[in-house]
Amino acid sequence: MEMPTPDQAILRRKPAIAAKLRVILPEDAVIDDPAETLVYECDALTAYRCAPLAVVLPRTTAEVAAVLKLCHGEGVPVVPRGSGTSLAGGALPTADSVILSVARMNRVLETNFVDRFVRVEAGRTNLSVSGAVEADGFFYAPDPSSQLACAIAGNIAMNSGGAHCLKYGVTTNNLLGVTLVTMDGTVVEIGGGHLDAGGLDLLGVICGSEGQLGVVTEATLRLLPRPEGARPVLIAFDSSEAAGDCVSDIICAGILPVAVEFMDRLCIRVCEDFAQAGYPDCEALLIIEVEGSTAEIDEQLARIRQIALRHRPLEFRESRSKQESAKIWLGRKSAFGAIGQINDYMCLDGTIPVSALPLVLRRIGEMSREFGLDVANVFHAGDGNMHPLILFDANKPGDLEVCEALGAEILKLCVEAGGCLTGEHGVGIEKRDLMNVQYDDTDMEAQMRIKDVFDPAWLLNPAKVFPLGLSAARRAV
Amino acid sequence: MKPQSETELAEMIREANGPLRIVGGGTRPVGRPLDCAPLDVSSLAGITLHEPGALTLVAKAGTPLAEVTTALAAQGQRLAFEPSDWRELLGTSGEPTIGGMVAANISGPRRVQVGACRDALLGVRFVDGTGTVVKNGGRVMKNVTGYDLVKLMAGSWGTLGVLTEVALKVLPAPEAAATLVYSGVGWADASQIFAKALKSPYEITGAARLPEMGKLPSRALIRLEGLAGSVEYRAGKLAETLQGRAPERILRGAENDRAWACVRDLEAFAGAAEDVWRISVRPTDMMGIVGRLSGARIQLDWGGGLVWAGVPEGIDLRAGISPFSGHATLIRGSEETRAKIASFHPESAPVAALSAGIRARFDPKGILNPGLMD
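Chains as they are written, first to last, in my numbering: chain F, 1 to 477; chain Z, 1001 to 1374.
Keep in mind that the hints are not guaranteed to be accurate.
[Said to hold, decoys possible] The calculated BS3-like cross-link candidates involving lysine-lysine, where the alpha carbons are at most 30 Å apart (straight line), are: (1) K69/F <-> K451/F; (2) K167/F <-> K14/F; (3) K14/F <-> K69/F; (4) K1196/Z <-> K1237/Z; (5) K1237/Z <-> K167/F; (6) K322/F <-> K1237/Z; (7) K1135/Z <-> K451/F; (8) K412/F <-> K333/F; (9) K412/F <-> K167/F; (10) K1196/Z <-> K322/F; (11) K20/F <-> K451/F; (12) K167/F <-> K327/F; (13) K1135/Z <-> K1365/Z; (14) K1002/Z <-> K1135/Z; (15) K1196/Z <-> K167/F; (16) K412/F <-> K396/F; (17) K322/F <-> K333/F; (18) K396/F <-> K451/F; (19) K451/F <-> K14/F; (20) K451/F <-> K1365/Z; (21) K1215/Z <-> K1196/Z; (22) K167/F <-> K1135/Z; (23) K1135/Z <-> K412/F; (24) K167/F <-> K322/F; (25) K451/F <-> K412/F; (26) K1365/Z <-> K1340/Z; (27) K1199/Z <-> K1237/Z; (28) K167/F <-> K1199/Z; (29) K1199/Z <-> K322/F; (30) K1365/Z <-> K1002/Z.
In case anyone wonders, no lab produced these hints; they're calculated from the structure.
Kindly produce the complete structure, drawing on both the sequences and the hints.
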């Protein structure tokens, strides 16, 4: 992965920059000892690492503004960081950058159950937002699978999704307002407890901008009342076509499940070995969850059963208890861990139109044989967001490169099929050089103009999202 | 000017040396009046793709909204955000277009449950002020590839670019619907009914209060939609939740549709000689605002989060209700009023600077609906 050459002048000024940071921040909020900055060298895309110049851990919006103002004046790049769970290298440092972690900003600032929102500091973890409101019967809907660890700041940067977005939408659909600090230290309040933006929808463009437009320090999030209940059903098929058609028919019939998850044979086997969830050995497996009262769930599942039977399932296993529900979800939820246990893997994140599913799965199978690496498929079938997992051996020279080449081919296939490179993980550095598969230069030029407005010197989260060649002229200024 | 293709449109914008007023169906004359040449994009029309199983529709921007809703209905689907028709409100004729709806981010009563037009928008193609064709987003529901200009284009009222094609998420129409009606309830009562209903797990898809209309008293409406059995169950549970407040009646079928069309299209304000403002607020702030608008004709939507106010002509309503968290937009006003009073809510200095910066880069010649949102 090509990264820009670090600015030697900045590297030489490291002691002076660290000293200046210590003037504006408490002593414990600045780290520049390389032994202590070690954990900030990478995020969850561990194949790439780089020691940053320094790490700062501010506690307030005012401290964030002071850091940004200082770095802006010094011409030092800043990489914002939430919990560092990005799978796309969204928080990868450059050697001449300061990591700005919002991890210490994790308070709940306001809960309002009449207006149905919660305002939190952006370092708060996703799951603990719901945790703070569940006693009152509410939850925060986006649920990325890293939700125990990932921060709201990162969710906003990547516009994170989750298993339940077919019904509830992704982060951008559940974000009402932010406090944003731009690179020059200006604090901007956008949105709030009301439902829609006045003027241009800046909130919409900030969400998903991968920390390149500003540092979000506080967020107002929409709360939803918890449903009365939820129950999953597991349906096994002997072909992925049948599973895909079944999903499409359910959606066409006017039933909107809260989650529709798909796993292929390799994934099923690995998960079963790991979790003993009692999954059948079959070509394709769907887990479909519906919500409501007991009677409402019964009615929806009866209709789903009727539709599924038309596609000759090998098994239709309806949960009858909390334990059975947990068991049905167990294998799916441990998928990434299970595969990590047996192999190194790379997790892809393309989205395709649901109708292209059989074709894309068939092509992935062919490519897997061509490249000689196994691919396990697990994904959110209702919205077409695929997570092919490519298995490789990190200790075998050249294997990572083959894996990356296969990954690139699969993502190109997603775009050709009418989809996109990334559904919820973000571009980061991982897909940066594939951007031109989906967008031509003029499309990216339009996006880069937004960056020009928020961060004219291009100092925030450098070398992410846009191909380096395309952004070179801007970064040089 | 009336381009017949995207290429022709791009050429016209590249060569334009004066301001342009972008017109789709011409049914929503909102914002500072523009005295300049119209650019009529209604010829760029037609549904490009409708894939019911993927819940997706793609259409050229000039496609009549009616054509889209008819095509969707044929497959038992709809635009879930329930776009309003403003022809009666604004006294306009013509055919609302899908591009106009997106450019104005038009969302109706169901916005409280399913999100706004911008939330259903998956992708756009547009021509910016330099005459460059730009695409962003796509036609799939989950897409975080690059910056999201899709949301930015929704509600930008043609000031950043001229939309040529939009992709939208659609949803199945429900099997059944029912609305609980509470007549003659005051603001405080309505506000309590909304709060309790929206806090419940029954997925309320509409919470509005219509003002008195002719002989009809004011009415608070709570809508449920879904499978038939579920709607009946939820209507019963909801009446329990709002204990002691048995609904006066329950609307179903055509009667239900009629009531929500009245809310959606703001029929209560049709024909009257008054300015109409749209105020987006926190529901808990609504009471205070309505209190300060004594004598105004008021319609509430989104559980009290959206206030429609009919007030005497030519007065900036914001002066009487500020400060408040949210924003007020003048939707109906004479040209004279709209020339005098900023239709769009004044922004804080940092937000205004960012918005101006974006406009300057997308429309450097300042020719696309210039000043409309000022």
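Against the structure, the hints come out as follows:
no. : hint                : verdict
1   : K69/F <-> K451/F    : 17 Å, holds
2   : K167/F <-> K14/F    : 49 Å, violated
3   : K14/F <-> K69/F     : 17 Å, holds
4   : K1196/Z <-> K1237/Z : 12 Å, holds
5   : K1237/Z <-> K167/F  : 22 Å, holds
6   : K322/F <-> K1237/Z  : 24 Å, holds
7   : K1135/Z <-> K451/F  : 17 Å, holds
8   : K412/F <-> K333/F   : 27 Å, holds
9   : K412/F <-> K167/F   : 28 Å, holds
10  : K1196/Z <-> K322/F  : 29 Å, holds
11  : K20/F <-> K451/F    : 27 Å, holds
12  : K167/F <-> K327/F   : 23 Å, holds
13  : K1135/Z <-> K1365/Z : 21 Å, holds
14  : K1002/Z <-> K1135/Z : 21 Å, holds
15  : K1196/Z <-> K167/F  : 22 Å, holds
16  : K412/F <-> K396/F   : 26 Å, holds
17  : K322/F <-> K333/F   : 16 Å, holds
18  : K396/F <-> K451/F   : 40 Å, violated
19  : K451/F <-> K14/F    : 27 Å, holds
20  : K451/F <-> K1365/Z  : 20 Å, holds
21  : K1215/Z <-> K1196/Z : 29 Å, holds
22  : K167/F <-> K1135/Z  : 26 Å, holds
23  : K1135/Z <-> K412/F  : 18 Å, holds
24  : K167/F <-> K322/F   : 22 Å, holds
25  : K451/F <-> K412/F   : 26 Å, holds
26  : K1365/Z <-> K1340/Z : 24 Å, holds
27  : K1199/Z <-> K1237/Z : 13 Å, holds
28  : K167/F <-> K1199/Z  : 18 Å, holds
29  : K1199/Z <-> K322/F  : 25 Å, holds
30  : K1365/Z <-> K1002/Z : 20 Å, holds
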